[in-house]
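Q: What follows is each chain in one-letter form.
There are 2 protein chains.
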Amino acid sequence: MYTQSKIDIVIEQIKSQIANQRFVVGARLPSVRRLAQDLNFSISTVVEAYARLVTEGVLEARAGSGFYVKGQMQAKKIAEHHVQYDREINPLWISRQSLDANEETLKPGCGWLPPEWMPESSLRKALKHAAKSSLKMLVEYPVPHGHMGLRQWIARKNNQYEIQVEPSQILITDSGTQSIDLIFRVHLKAGDVILVDDPCYFNFQALIQAHRLQAIAIPFTTQGPDIESFEQALQYQPKLYLTNSGIHNPTGATLSVQRAYQVAKLADQANLLIVEDDIFSEFEYVPAPRYSTLMGLGRVIQIGSFSKTLTASLRCGYIVSNSQDIEKYIDLKIATNFSSGHLNAEIVFAALMDSQYLKHIESLKKKLNTSMGLCIQRLRQLRIEPVLIPKAGIFLWCKLPSEIDAAELSRRCLKRGLILAPGHAFSQSEGAKHLMRFNVAQCMNPQIFEIIAQVMDTFSFDHEKPNSEMLTNNNETQSN
Amino acid sequence: MYTQSKIDIVIEQIKSQIANQRFVVGARLPSVRRLAQDLNFSISTVVEAYARLVTEGVLEARAGSGFYVKGQMQAKKIAEHHVQYDREINPLWISRQSLDANEETLKPGCGWLPPEWMPESSLRKALKHAAKSSLKMLVEYPVPHGHMGLRQWIARKNNQYEIQVEPSQILITDSGTQSIDLIFRVHLKAGDVILVDDPCYFNFQALIQAHRLQAIAIPFTTQGPDIESFEQALQYQPKLYLTNSGIHNPTGATLSVQRAYQVAKLADQANLLIVEDDIFSEFEYVPAPRYSTLMGLGRVIQIGSFSKTLTASLRCGYIVSNSQDIEKYIDLKIATNFSSGHLNAEIVFAALMDSQYLKHIESLKKKLNTSMGLCIQRLRQLRIEPVLIPKAGIFLWCKLPSEIDAAELSRRCLKRGLILAPGHAFSQSEGAKHLMRFNVAQCMNPQIFEIIAQVMDTFSFDHEKPNSEMLTNNNETQSN
Numbered sequence: 001m002y003t004q005s006k007i008d009i010v011i012e013q014i015k016s017q018i019a020n021q022r023f024v025v026g027a028r029l030p031s032v033r034r035l036a037q038d039l040n041f042s043i044s045t046v047v048e049a050y051a052r053l054v055t056e057g058v059l060e061a062r063a064g065s066g067f068y069v070k071g072q073m074q075a076k077k078i079a080e081h082h083v084q085y086d087r088e089i090n091p092l093w094i095s096r097q098s099l100d101a102n103e104e105t106l107k108p109g110c111g112w113l114p115p116e117w118m119p120e121s122s123l124r125k126a127l128k129h130a131a132k133s134s135l136k137m138l139v140e141y142p143v144p145h146g147h148m149g150l151r152q153w154i155a156r157k158n159n160q161y162e163i164q165v166e167p168s169q170i171l172i173t174d175s176g177t178q179s180i181d182l183i184f185r186v187h188l189k190a191g192d193v194i195l196v197d198d199p200c201y202f203n204f205q206a207l208i209q210a211h212r213l214q215a216i217a218i219p220f221t222t223q224g225p226d227i228e229s230f231e232q233a234l235q236y237q238p239k240l241y242l243t244n245s246g247i248h249n250p251t252g253a254t255l256s257v258q259r260a261y262q263v264a265k266l267a268d269q270a271n272l273l274i275v276e277d278d279i280f281s282e283f284e285y286v287p288a289p290r291y292s293t294l295m296g297l298g299r300v301i302q303i304g305s306f307s308k309t310l311t312a313s314l315r316c317g318y319i320v321s322n323s324q325d326i327e328k329y330i331d332l333k334i335a336t337n338f339s340s341g342h343l344n345a346e347i348v349f350a351a352l353m354d355s356q357y358l359k360h361i362e363s364l365k366k367k368l369n370t371s372m373g374l375c376i377q378r379l380r381q382l383r384i385e386p387v388l389i390p391k392a393g394i395f396l397w398c399k400l401p402s403e404i405d406a407a408e409l410s411r412r413c414l415k416r417g418l419i420l421a422p423g424h425a426f427s428q429s430e431g432a433k434h435l436m437r438f439n440v441a442q443c444m445n446p447q448i449f450e451i452i453a454q455v456m457d458t459f460s461f462d463h464e465k466p467n468s469e470m471l472t473n474n475n476e477t478q479s480n
Numbered sequence: 001m002y003t004q005s006k007i008d009i010v011i012e013q014i015k016s017q018i019a020n021q022r023f024v025v026g027a028r029l030p031s032v033r034r035l036a037q038d039l040n041f042s043i044s045t046v047v048e049a050y051a052r053l054v055t056e057g058v059l060e061a062r063a064g065s066g067f068y069v070k071g072q073m074q075a076k077k078i079a080e081h082h083v084q085y086d087r088e089i090n091p092l093w094i095s096r097q098s099l100d101a102n103e104e105t106l107k108p109g110c111g112w113l114p115p116e117w118m119p120e121s122s123l124r125k126a127l128k129h130a131a132k133s134s135l136k137m138l139v140e141y142p143v144p145h146g147h148m149g150l151r152q153w154i155a156r157k158n159n160q161y162e163i164q165v166e167p168s169q170i171l172i173t174d175s176g177t178q179s180i181d182l183i184f185r186v187h188l189k190a191g192d193v194i195l196v197d198d199p200c201y202f203n204f205q206a207l208i209q210a211h212r213l214q215a216i217a218i219p220f221t222t223q224g225p226d227i228e229s230f231e232q233a234l235q236y237q238p239k240l241y242l243t244n245s246g247i248h249n250p251t252g253a254t255l256s257v258q259r260a261y262q263v264a265k266l267a268d269q270a271n272l273l274i275v276e277d278d279i280f281s282e283f284e285y286v287p288a289p290r291y292s293t294l295m296g297l298g299r300v301i302q303i304g305s306f307s308k309t310l311t312a313s314l315r316c317g318y319i320v321s322n323s324q325d326i327e328k329y330i331d332l333k334i335a336t337n338f339s340s341g342h343l344n345a346e347i348v349f350a351a352l353m354d355s356q357y358l359k360h361i362e363s364l365k366k367k368l369n370t371s372m373g374l375c376i377q378r379l380r381q382l383r384i385e386p387v388l389i390p391k392a393g394i395f396l397w398c399k400l401p402s403e404i405d406a407a408e409l410s411r412r413c414l415k416r417g418l419i420l421a422p423g424h425a426f427s428q429s430e431g432a433k434h435l436m437r438f439n440v441a442q443c444m445n446p447q448i449f450e451i452i453a454q455v456m457d458t459f460s461f462d463h464e465k466p467n468s469e470m471l472t473n474n475n476e477t478q479s480n
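These protein sequence lines map, in sequence, to chains W and G.
The UniProt record's numbering puts the first residue of the first sequence at 1, with every later residue one more than the last.
The UniProt record's numbering puts the first residue of the second sequence at 1, with every later residue one more than the last.
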């Protein structure tokens, strides 16, 4: 890593890529020739580096097949299955791909709306408004809880869900993800067991890995988590259950009242904290049941942000909790981030207060409704079938024809500038192999379906191939 | 914490306050009467709660003296000393006090400039500019590394220090503190040993506690860290040394070239990472030596932000490192925060590009120079003597008359609306008892020195008191 020979550089780089899951256990490394090209090093340098890594037990050489990442499975249920399953599509794969994507890339796999769908005028007005705000607002830190007006707005929104919240029970953070991170750091330690939905938002898995937690994935049904699996999982003394309230990511399912009540009872018995990620609430026509409505904020913590309906470019999220825990989150936030942005929050608040904002949300729902219908039609023409028809939201969770592997389809589509969200990024269950999440708002361009159709056709031809290992090799060569 | 009796509420609250260091080990709890008043509960409720906490071994009752926090010292060198030393001034004390402060509060203890000293016009212009920026900029996530223009600005600034940096070696974060947090999370695990300066920025201690690290405090001299102590500390195999480059917080000292070279040699031998917090660099007249200049970015990681010279209200910081580590920070940032703010960065960048900004920095330095001289005069009239005269920056590290305890002075001044920064927030050494950090930019109001003088006078009278424990009790009663 420091004053290094070229060989050390290669070794360090591979180790770091293993460390941050770029290469997971069992993954095949690039061919010597390929890596030497990419790094512009000599073949002998790479050979020597690979050889040393084999001696160190980091890699193993398989005769005639190449070098593979050795090493024991991690303690994480999700990571384990994941690793057994697919070697490239790890929890960070879609995030990195989508964030790295350029203007031209088509992103039906990403989790946000196209820019043209966002409330441009409200944002521009909010920025002009901010330019005139008080000097204190322009340059000073906010109070530890964060922007008061924004906390009042969040409190009012919660009151609509019949959740009684005071602004003092709300902490403004820099993102919904940061909110979960703070909650994990306050309530959990490495090795703790938590429950997540199967499937769940892939970045939950990245968070779980970052915190070295053990996650048990509870099958998610059209009614909510499968209650028998949920009850069985309690024997592992989970500390916390992380889920979406309102609209579930990736399935688009909504919790039923009965299921919410069953989960609530079990959570109370097992002294289980519930973290409700409320990030898609603005898309709901009728608010779905929420654990916080049912149980209050004793053991339920609500998090959210404004990245889906307002902007992802100004970081602003929040935590709603009981006042005692909020104090802990605040102290940790000061220690690890010092403060949230006051001006960010002021701009977000001004945009929310803009008369256009509510109209924007209404038209957004209509547009989503239309594109949802259109997307379903186009997918069915490709024999891609929604697992369920969501009541609202941006996601369609779909089943591919049985011969199509979602991860492989995603890899091939990526080479044609199309980013998909394959099932394994959300679930390690066998079935996920043939599942795919589509963001209907990002599916308006018909080209997307043409590319998917063309790439799907290449699969029939694979069937003559002896095994899929061969396939990936061929594939790799084609891509050179 | 959940469906609770009043007794449980009291118990939970005390436990959480112990957990988040509001009450440290050895600390005396409020009197039963006092807490009953504050919570508006009955005395018997509080008595019962205290009794149960004694049974649980959380508290211990000392006859005629009250209830104290029991429990073993933490593994943290800093925390230990800290705990032995003072029971209210913990690392978060000044942060919370300063952030909670209202308009009227005088803040010579805080770490930032008064609003009037900040580049108001550049910021307002930057916001108007942002209001006209592209839709993509308004609503979309930036690339994983963050805002390109800002990274180029940071690279240019580093090149002035003869540090060769590419934008790909820079990650935009949400704050300087978050930068350190990400670095700690990538390179350290709970229990690891790190080196810090004695004294050091109090929030470093909060970070160390949040990460459950063991910190060894190396005495800081006018030349830099005491090299013998530094060498001795290496026997504990520290992983990392966290320090300020440029102007040191709280002492205002600057590293000498010889000392930088000595530390660099030791760091290379011991395979020690160095994190340079460069947050005060804009205040320098002549750049002080930097480890990154001397050693490059192999083992030195530079962090910074714009909160001191531009605004604290828009969160924006950065990490400068080698490209391999930057990849690790990016993956962790995506997992734990998803993204940094693009629009935040654009506004910061536009303000930095404003023709007024450089003029602002120049006039800032002049004003600081003047107020530094004035502040020294006024403090000397109170027999408060600077330990050294800094070359630049906003801090004066001063010695109080021997009879004045800095922590006690701070407590009493706080009651008169004056926030000070006592030595123990920065150091646990015996000497720190009589040391105090002053922010010269926040010392322009003569009232500050009148209040300090009046409060210092109350100390002579304390001398008749048998012991300081009595004192604090009295004091507590006075404050009712």
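Hints in this document: simulated from the structure, not taken from any laboratory.
Among the hints, a few may not be true.
Said to hold, decoys possible - Example chain G residues on the side facing chain W (calculated, C-beta under 10 Å, incomplete):
{"hint": "1", "residue": "Ser98"}
{"hint": "2", "residue": "Leu106"}
{"hint": "3", "residue": "Tyr141"}
{"hint": "4", "residue": "Gln205"}
As the list claims (entries may be wrong) - Away from chain W, derived, C-beta distances all over 12 Å, residues of chain G:
{"hint": "5", "residue": "Trp153"}
{"hint": "6", "residue": "Ala206"}
{"hint": "7", "residue": "Lys365"}
{"hint": "8", "residue": "Gly373"}
To be verified - Away from chain W, derived, C-beta distances all over 10 Å, residues of chain G:
{"hint": "9", "residue": "Ile7"}
{"hint": "10", "residue": "Asp38"}
{"hint": "11", "residue": "Arg52"}
{"hint": "12", "residue": "Trp112"}
{"hint": "13", "residue": "Pro115"}
{"hint": "14", "residue": "Glu116"}
{"hint": "15", "residue": "Pro144"}
{"hint": "16", "residue": "Thr177"}
{"hint": "17", "residue": "Phe338"}
{"hint": "18", "residue": "Leu364"}
Just so it is clear, CB atoms sit at the ideal spot from N, CA and C, and this is done for glycine as well.
Q: Could you work out which earlier hints the structure fails to respect and list their numbers in ascending sequence?
A: Result: hints 2, 6, 12, 13, 14, 15, 16 and 17 break, sorted rising.
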